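Residue numbers for the sequence shown follow our numbering, so the first one is 78 and each next one is one higher.
Do not take every clue at face value.
[Unchecked claim] Calculated cross-link-like contacts (lysine to aspartate or glutamate; reagent style EDC-like; alpha-carbon spacing at most 20 Å):
1. K434 with E371
2. K251 with E358
3. K296 with D258
4. K251 with E123
5. K491 with E415
6. K404 with E371
In case anyone wonders, no lab produced these hints; they're calculated from the structure.
Note that the structure is a prediction, hence the values are computed from the model and not measured.
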Amino acid sequence: MALQIQSASFPGGPGSTIVQNVTVEPYVVVRRADSAATCSAEDVPEEGTGDSRYSLRFRWYRSVVNRGGSVCWIHGDREATLQCVLCLRAKAEVRKSFHCSTDCLRRHWNLHKELHGQNNRFPHNGFASENGFQSGDKSFKTGHTFSNNGETWIEVGRTRCYTPQAEDVGCILKVDVVSCDSSSGFAHELGRTFSVRSERVRPAPLPPKRALITLPPPKGQPSLDTQGGFTLLTYNLLADLYATTDQFPYCPPWVLGWQYRKQNLLKELLQYSADILCLQEVQSTHFTSFWAPELDKAGYTAIFKKKTAEVYTNNAYAMDGCATFFKRAKFSLVKKYEVEFNKAALSLSDSIAPEQKKTALNRLLKDNVALIAVLEALDPQLPDAPPAGAAPRRQLICIANTHIHANPELNDVKLWQGHTLGKG
């Protein structure tokens with residue numbers, strides 16, 4: 078069944094924003110020659126990825142010449158109006174020397190001045206393998222450059238999706254897609270090639286810088302800096318099922334996209350290197366496919382508790398919950414407890430007058446949960462070591478992770494949930 082490409086476009090149509098580190102997936106409509114029905118590119122294998130006779134070939138290109146003026150490093154949606162001369166003298170990364178206004182430079186000076194101590198450009202970040210090239214593929218460096226109608230392009234990817242890199246900022250991207258038939262042993266093209274061009278790529282916005290807060294020990298207790306201290310981070314991830322333009326109309330759609338947010342979130346969490354991570358609004362599918370395996374690579378063990386109700390979004394049901402991660406080199410899990418506030422509400426309703434029970438349950442049943450972990454320090458370093466021959470003392474830590482009800486008009490429900498967890 079031969080394939081015919083009907084159309085190809087970028088999400089959002091002409092003029093859509095393309096941003097560094099935000100994966101771009103062209104929308105391709107395909108029709109099989111013997112059928113009137115159409116399908117998307119996701120239903121057709123890419124060239125070289127399967128045994129199917131018919132496939133789609135994708136080729137991504139970057140314009141060699143930077144198009145238009147420069148853009149602000151801090152605010153990627155704004156044109157640059159000034160450039161820092163000190164950055165040029167220090168041979169810092171050129172794109173980071175641009176700002177949209179003097180006020181922008183002044184407000185971000187503490188961040189900006191760090192560039193003046195960087196004498197070399199940032200190293201290549203490995204996008205070749207991510208976008209369909211192997212890191213040792215010499216053809217990427219020496220070939221795949223061509224000119225067409227006075228424009229010069231260099232090939233940068235060979236997969237259906239492409240993640241723009243720092244080298245792409247300020248340039249135009251183009252993707253060519255064509256159907257192929259491999260029945261003769263090698264893939265030859267069927268029909269015409271569809272080409273889609275982007276607007277010039279914008280730089281990725283900078284995540285905020287945060288600092289861990291040091292909690293002093295109780296009065297009269299030794300400092301925890303060297304004796305049994307640990308670091309803990311808590312973070313509400315904003316589950317993808319809630320990250321909609323209806324809920325956040327002031328955010329550009331690409332900022333809310335999970336493919337973009339997940340990499341920034343992971344990068345920020347890892348840079349703190351906290352011993353314990355308490356994460357809220359962790360979508361259950363993302364916990365399994367992303368958070369657990371990615372944080373496992375960083376040496377964390379994970380436990381997870383889902384909420385008690387699903388939400389219908391994007392033509393599917395989804396659910397979020399609380400996830401706790403701890404460094405397995407420092408802690409072991411002794412016990413895990415799961416709290417469902419709905420069960421506590423139903424238990425409480427037994428003591429409520431019948432005429433008030435329905436009203437109380439309508440207010441208290443909110444599907445929130447909590448996750449409690451009892452951890453044992455593997456190297457407690459306690460100041461008062463046990464006498465010789467005595468069994469070593471165990472240092473246990475109880476970590477409670479919860480996301481209580483968010484509605485600001487239901488403060489009594491928040492208070493009840495916190496009280497229930499505290500006495501639990």
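Go through the numbered hints given earlier and state which of them the structure violates, listing their numbers in rising order.
Of the numbered hints, 1, 2 and 3 do not hold.
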